Amino acid sequence: MGRRLWSHYGGYLVGFASMFALWHLAAVYLVSSVLFPPPTMVFRKALVLLGNGVLVEHLWASTQRILAGFIAGSLLGIPIGLAMGSFRPLRRILEPYTEFLRFIPSVAMITVAVIWFGIGEASKIFLIIYTTIFIVILNTAAGVSAIAPNKIRAAQALGATRAQIFLHVALPATVPYILTGMRLAMANSFTTIVAAELIAANEGLGKMLWDGRMFMLVDDIFVSLVCLGLLGFTVDRVFRWSIYTFAGKYSPAT
Amino acid sequence: MSLVRLRNVQKTYRSLQGADYVAVERFDLAIESGEFFCLLGPSGCGKTTVLKMVAGFESPTTGEILMDGQPVTGASRDRGVVFQGDDSLYGWLTAVENVEFGLRMRGIGKRERRDRALRYLELVGLHGQHQKYPAELSGGMKQRIQIARAMVNEPKMLLMDEPFAALDAQTRALMQEELATVWRATQTTVLFITHDIDEAVALGTRIGVMRAGPRAGVKGVLDVTLNGARDRTDDVFLRYYRQVYEMIKDEVAKSNARAD
Numbered sequence: 000m001g002r003r004l005w006s007h008y009g010g011y012l013v014g015f016a017s018m019f020a021l022w023h024l025a026a027v028y029l030v031s032s033v034l035f036p037p038p039t040m041v042f043r044k045a046l047v048l049l050g051n052g053v054l055v056e057h058l059w060a061s062t063q064r065i066l067a068g069f070i071a072g073s074l075l076g077i078p079i080g081l082a083m084g085s086f087r088p089l090r091r092i093l094e095p096y097t098e099f100l101r102f103i104p105s106v107a108m109i110t111v112a113v114i115w116f117g118i119g120e121a122s123k124i125f126l127i128i129y130t131t132i133f134i135v136i137l138n139t140a141a142g143v144s145a146i147a148p149n150k151i152r153a154a155q156a157l158g159a160t161r162a163q164i165f166l167h168v169a170l171p172a173t174v175p176y177i178l179t180g181m182r183l184a185m186a187n188s189f190t191t192i193v194a195a196e197l198i199a200a201n202e203g204l205g206k207m208l209w210d211g212r213m214f215m216l217v218d219d220i221f222v223s224l225v226c227l228g229l230l231g232f233t234v235d236r237v238f239r240w241s242i243y244t245f246a247g248k249y250s251p252a253t
Numbered sequence: 000m001s002l003v004r005l006r007n008v009q010k011t012y013r014s015l016q017g018a019d020y021v022a023v024e025r026f027d028l029a030i031e032s033g034e035f036f037c038l039l040g041p042s043g044c045g046k047t048t049v050l051k052m053v054a055g056f057e058s059p060t061t062g063e064i065l066m067d068g069q070p071v072t073g074a075s076r077d078r079g080v081v082f083q084g085d086d087s088l089y090g091w092l093t094a095v096e097n098v099e100f101g102l103r104m105r106g107i108g109k110r111e112r113r114d115r116a117l118r119y120l121e122l123v124g125l126h127g128q129h130q131k132y133p134a135e136l137s138g139g140m141k142q143r144i145q146i147a148r149a150m151v152n153e154p155k156m157l158l159m160d161e162p163f164a165a166l167d168a169q170t171r172a173l174m175q176e177e178l179a180t181v182w183r184a185t186q187t188t189v190l191f192i193t194h195d196i197d198e199a200v201a202l203g204t205r206i207g208v209m210r211a212g213p214r215a216g217v218k219g220v221l222d223v224t225l226n227g228a229r230d231r232t233d234d235v236f237l238r239y240y241r242q243v244y245e246m247i248k249d250e251v252a253k254s255n256a257r258a259d
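From first to last, the protein sequence lines stand for chains A and B.
According to numbering that gives the first Met the number 0, the residues represented by the first sequence are 0 to 253, in order.
According to numbering that gives the first Met the number 0, the residues represented by the second sequence are 0 to 259, in order.
Do not rely on the hints blindly, as some may be mistaken.
[To be verified] According to the in silico footprint, chain B covers these stretches of chain A (three or more CB under 8 Å from chain B): (1) 138-150; (2) 157-164; (3) 168-176.
Because the hints were derived from the structure by calculation, they are not lab data.
Just so we're clear, the structure is a prediction, and the values are computed from it rather than from any experiment.
From the three backbone atoms N, C-alpha and C, an ideal C-beta is built for every residue, glycine too.
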């Protein structure tokens with residue numbers, strides 16, 4: 000058991016340890032400036048911020064926004080993608096929307112979002128939905144068109160109706176693509192939330208970064224950066240683990 | 000009345016350049032109930048096109064295809080299909096769930112469809128592995144699932160599109176033997192597409208030889224009067240082999256000449 004745990008997580012442990020070691024060496028011996036604090040100082044600061052509740056507040060604010068926008072964006076994107084992949088005329092009609100809008104980065108939409116929705120939660124969630132929805136739509140639609148024609152033909156020859164084919168063949172065959180789209184969207188959500196919070200927010204990891212710059216709290220900046228990395232890493236692992244556990248049979252390999 | 004009748008069937012495909020390609024032309028064929036009909040032809044001659052039309056996946060450009068005297072207008076449960084590759088299997092379902100698929104679509108209860116699926120899996124020699132997913136099974140096992148999946152639905156006939164072509168030689172020979180046994184036990188009507196003379200003589204009760212495409216048609220049909228298990232070293236077997244070989248060798252040469 001210990002052996003198995005080690006083979007699973009030992010690599011990660013060594014990886015993270017070496018990363019912090021390199022950081023430490025670079026900060027202490029190479030740069031040695033107050034503008035680049037070593038990990039020990041950052042962790043000390045993180046403990047302080049954890050103690051007074053500030054860090055949790057920021058972390059929770061960002062996480063909440065990401066989750067709300069990501070879930071809403073996926074729930075909207077999946078049916079639209081399925082419809083686009085299934086009906087060619089609809090695809091033609093909707094493609095201008097997706098192909099036009101996906102080239103306008105969510106960061107560019109921040110200004111509009113703030114004008115429309117103010118600097119509260121609504122603008123952030125709008126931006127996360129915006130950054131999620133197109134990737135999910137495109138991946139879902141691509142998944143539908145990638146279904147092997149023989150899967151559909153086999154169902155037809157087995158007597159399935161059109162509705163049954165959609166529900167029992169097209170939908171499950173597309174699940175791996177949907178999950179991949181969601182995973183990519185999740186990564187984008189992190190970029191977007193930081194940018195949005197940098198510009199307009201009262202709390203969140205991005206706000207923490209901005210305040211750090213304003214008040215020259217370099218340690219705070221690094222605490223926020225480390226949190227972003229760890230949060231992203233954790234969320235992605237959880238996502239991968241859920242796919243493996245609950246949707247393993249839909250994994251792209253099969 | 001024949002079970003399936005193809006009358007003066009022609010199929011034209013439009014290529015991307017806009018030029019028409021006539022895959023099959025003046026194609027006539029009658030398949031009788033209970034026979035094992037092997038449609039043999041060089042690669043690229045339009046065998047699969049014929050199967051797709053009989054299955055109802057594609058319709059003829061001109062001519063007609065009748066089953067029990069009724070025109071074929073689309074795919075139907077009457078004609079079960081076994082495809083060459085494994086891409087028709089549902090990777091998210093286990094072997095037995097794949098086999099149950101048709102019964103489930105018809106609303107047959109869980110217990111009954113499981114029983115029936117297991118019976119057919121047994122018949123095709125896939126026991127004890129029914130809870131595995133297709134990706135966990137070998138090529139031969141996957142073809143067994145396909146055969147069971149088509150047969151459990153009790154179609155009037157079975158359409159098989161080079162089902163063993165992608166298997167290694169040993170597995171292929173074994174699968175042919177098993178299919179012959181299953182067929183003798185069930186007497187299902189089979190239309191079997193192949194480019195392999197040996198396979199056709201080993202399995203068929205009749206062999207239809209196709210001309211090389213384009214504009215492929217039926218060159219000739221041969222009755223095979225071998226009963227029971229067939230022995231490849233038997234003189235009669237070899238005589239049939241030579242006979243079919245004589246019929247097909249010019250077509251293979253033509254087909255290769257065109258490909259060059």
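Here's how the hints hold up against the structure:
no., hint, result
1, 138-150, "holds (count 3)"
2, 157-164, "holds (count 5)"
3, 168-176, "holds (count 4)"
Violated hints: none; the structure is consistent with every hint.
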